[in-house]
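Colleague: Heads up: the sequence lines are chains U and P, in that order.
Under our numbering, think of the first position of the first sequence as 1, with each following residue one higher.
Under our numbering, think of the first position of the second sequence as 1, with each following residue one higher.
Derived from the structure by calculation, the hints contain no laboratory data.
Just so it is clear, the structure is predicted and the values come from calculations on it, not from any experiment.
There may be inaccurate statements among the hints.
Chain U is faced by these chain P residues, among others (derived, beta-carbon under 10 Å) [stated by the list, open to error]: (1) 22; (2) 23; (3) 33; (4) 45; (5) 49; (6) 75; (7) 222.
Take a look, some chain P residues computed to stay more than 12 Å from chain U by CB distance [unchecked claim]: (8) 106; (9) 153; (10) 174; (11) 200; (12) 201; (13) 233; (14) 234; (15) 245; (16) 283; (17) 296.
We treat Cβ as the ideally placed atom computed from N, Cα and C, and that holds for glycine.
Number of protein chains: 2
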Amino acid sequence: MAGEFELIDRITEGLTVGDDVVLGVGDDAAVLAPSGNIVVTTDMLIENVHFRRAWSPARAIGRKAVAVNVSDVEAMGARPSAVVVALAFPKDLDQDWVAEFEAGAVEECRRAGVSLVGGDLSSSAHIAITVTAIGDLDGRAAVTRAGARVGDIVAVCGRLGWAGAGLAALQRGFGSPKEVVAEQLTPSVPYGQGVVAARAGATAMLDVSDGLLADLGHIAERSHVLIDVDSMLLEVPDAVQRVAAATGRPALGFVLAGGEDHALAATFPADGALPEGWRRVGSVRDGSGIVVDGAPFDGSLGWDHFAQR
Amino acid sequence: MAGEFELIDRITEGLTVGDDVVLGVGDDAAVLAPSGNIVVTTDMLIENVHFRRAWSPARAIGRKAVAVNVSDVEAMGARPSAVVVALAFPKDLDQDWVAEFEAGAVEECRRAGVSLVGGDLSSSAHIAITVTAIGDLDGRAAVTRAGARVGDIVAVCGRLGWAGAGLAALQRGFGSPKEVVAEQLTPSVPYGQGVVAARAGATAMLDVSDGLLADLGHIAERSHVLIDVDSMLLEVPDAVQRVAAATGRPALGFVLAGGEDHALAATFPADGALPEGWRRVGSVRDGSGIVVDGAPFDGSLGWDHFAQR
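If we strip away everything but chain U, and leave its shape as in the complex, we get:
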């Protein structure tokens, strides 16, 4: 196979989207020119833990690795600026796999509006991917998990339940419904909506990676409030309904507790209008914890990476 340097050249030809990149790939480090405070976040994708090669094309894995990280930048109300991508893979892996992974990463960077400014390659027994994403707050304050106030509206932007339903379909050996399987392989992050929410006055925000209730629970805990989700406000897409029927699992369970959707969830002051694309799903009340329709939810509250897939 090609030597390390040739591969590095290939995978890190880079992609400069923003004018905040002073120096891209090829030196000891990239150089960025932030215009305000920055946010930084890192996430790993491990073969057979976060993805399976039998289920996911390399391109989808490259896209997902970027998407799930940029999602965390959006969740702080920052403008996604740059990513660095570290990839370890077996020596006998088809070079086309690496090329397709790279193409997927670059494609998602374009969608997200971020520059790919660096990377690292290594051999390993199984594929391991780590992406670190940087965002620019452009002078705004970050929207943390700790700012929700009693009386706020809870709202989401993006898809809920799709990725979890897609995983359930794949686990049964099915590649359909295609729309939910595609969402499991590469989540549709609502790029740009983090800044939109911040400008609209969002008081707290995060991305829904562990499941809506589990993640809203993080806001409730950090903000010292109770969050009440109104199940009548939740949409259950047809494809999720079909997976629920086929698996004998409650459809609402996917929406409330399915992980890996990477929608954004935020709290907003009750006296303002929600930004376009955001829909109300509940309310912030005095108290602690998370309830659905005023009562504790009796079901799985999210997905633990250490549980066997």
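With chain U held as given, fit chain P onto it using these hints.
Modeller: Then chain P, alone, in the frame of chain U:
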């Protein structure tokens, strides 16, 4: 074993060293307040590729993971500011290993003067570590690999040959000489010297990770110059001599081509004094490539991660 969230709490209690950390671990992303342009770099350490558990205590691996990344920040002439650490490990790994790894990472962060502001944990079949480091240029321009000029002095700061000699000792089943083995397990990065070199007018700089000649070759290539290393200026430490004698390999080979030392190498204008701690090893001339005492070096030119350890 403990669930993911408990472990994340433990490993990412974080460490705030600088006052540029606005928000540390615990949210979707950390928030930093840079004072100028920033540099960003990422590097993986993979079990059985970059380290062996049989050779390296967990603490040394944690230290090394931080050190090799911060080294790249130093190499740009930036002040190391923050790191994020992603760790994947087998479910049955002793929790003490993880705790010791974390302690090592935190210890090295203190030495380097960086804040540990985020992380990610996952399960995996083998240990995989990715650290991303961020540095602040404090308003200076970055020192790249491309600025060396004919007539410049080539100088290094830090140890050369130690890590390679340590690896050779370990490969023969020996844990001594202890000083070179320790250097292989955790390189002594000359923290702070990147900024010192930048302030002293360094025209090009990098860290010596692949071997002195291989890395100076990168400066020669990017700067479109010839670099001539003067072997009489190179120190060969006693411990390296001893490993050379025991292995029948030339001692100078470790100094010229041994990898993983993470010394800094830079070019400086000939009319200035070298900063304290820096020593001259060669000259920049008209031409291209790298020579030793005016002639091509007949030996291994560094270490490829895809070559079997």
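Colleague: Decide, hint by hint, whether the structure agrees.
Modeller: We went through each hint and held it up to the structure:
A least Cβ separation of about 6 Å between residue 22/P and chain U falls short of the 10 Å threshold, and the interface hint therefore holds. Contact between residue 23/P and chain U, as hinted, is supported at the beta carbon level, the nearest pair being about 6 Å apart and thus within 10 Å. Because the closest C-beta pair between residue 33/P and chain U is about 5 Å apart, less than 10 Å, the hint holds. Look at residue 45/P: its Cβ gets to within about 8 Å of chain U, closer than 10 Å, so that hint holds up.
The beta carbon of residue 49/P is positioned within 10 Å of a beta carbon in chain U (closest approach about 5 Å), and the interface hint is therefore held. The interface hint given for residue 75/P is met, as the beta carbon of that residue sits about 4 Å from the closest beta carbon of chain U, less than 10 Å. Annotation: interface hint on residue 222/P holds; nearest CB of chain U at approximately 8 Å, less than 10 Å. Separation of residue 106/P from chain U is adequate, the least Cβ-Cβ distance of about 17 Å exceeding the 12 Å criterion.
For residue 153/P, the shortest C-beta to C-beta distance to chain U comes to about 20 Å, beyond the 12 Å cut-off, and the non-interface label holds. Against the 12 Å criterion, residue 174/P stays outside the reach of chain U, whose nearest CB is about 26 Å from its own CB. The Cβ of residue 200/P lies farther than 12 Å from every Cβ of chain U, with a closest approach of about 18 Å, so its non-interface assignment holds. With 12 Å as the threshold on Cβ separation, the claim that residue 201/P sits away from chain U holds: the shortest Cβ distance comes to roughly 18 Å.
For residue 233/P, the non-interface assignment is confirmed: its Cβ lies about 24 Å from the closest Cβ of chain U, beyond the 12 Å cut-off. Its beta-carbon lying about 22 Å from the closest one in chain U, residue 234/P satisfies the requirement of being farther than 12 Å from that chain. Every CB of chain U lies more than 12 Å from the CB of residue 245/P, the least distance being 31 Å, so the non-interface label holds. Every Cβ of chain U is farther than 12 Å from the Cβ of residue 283/P; the closest lies at roughly 22 Å, confirming the non-interface assignment.
Every CB of chain U lies more than 12 Å from the CB of residue 296/P, the least distance being 19 Å, so the non-interface label holds.
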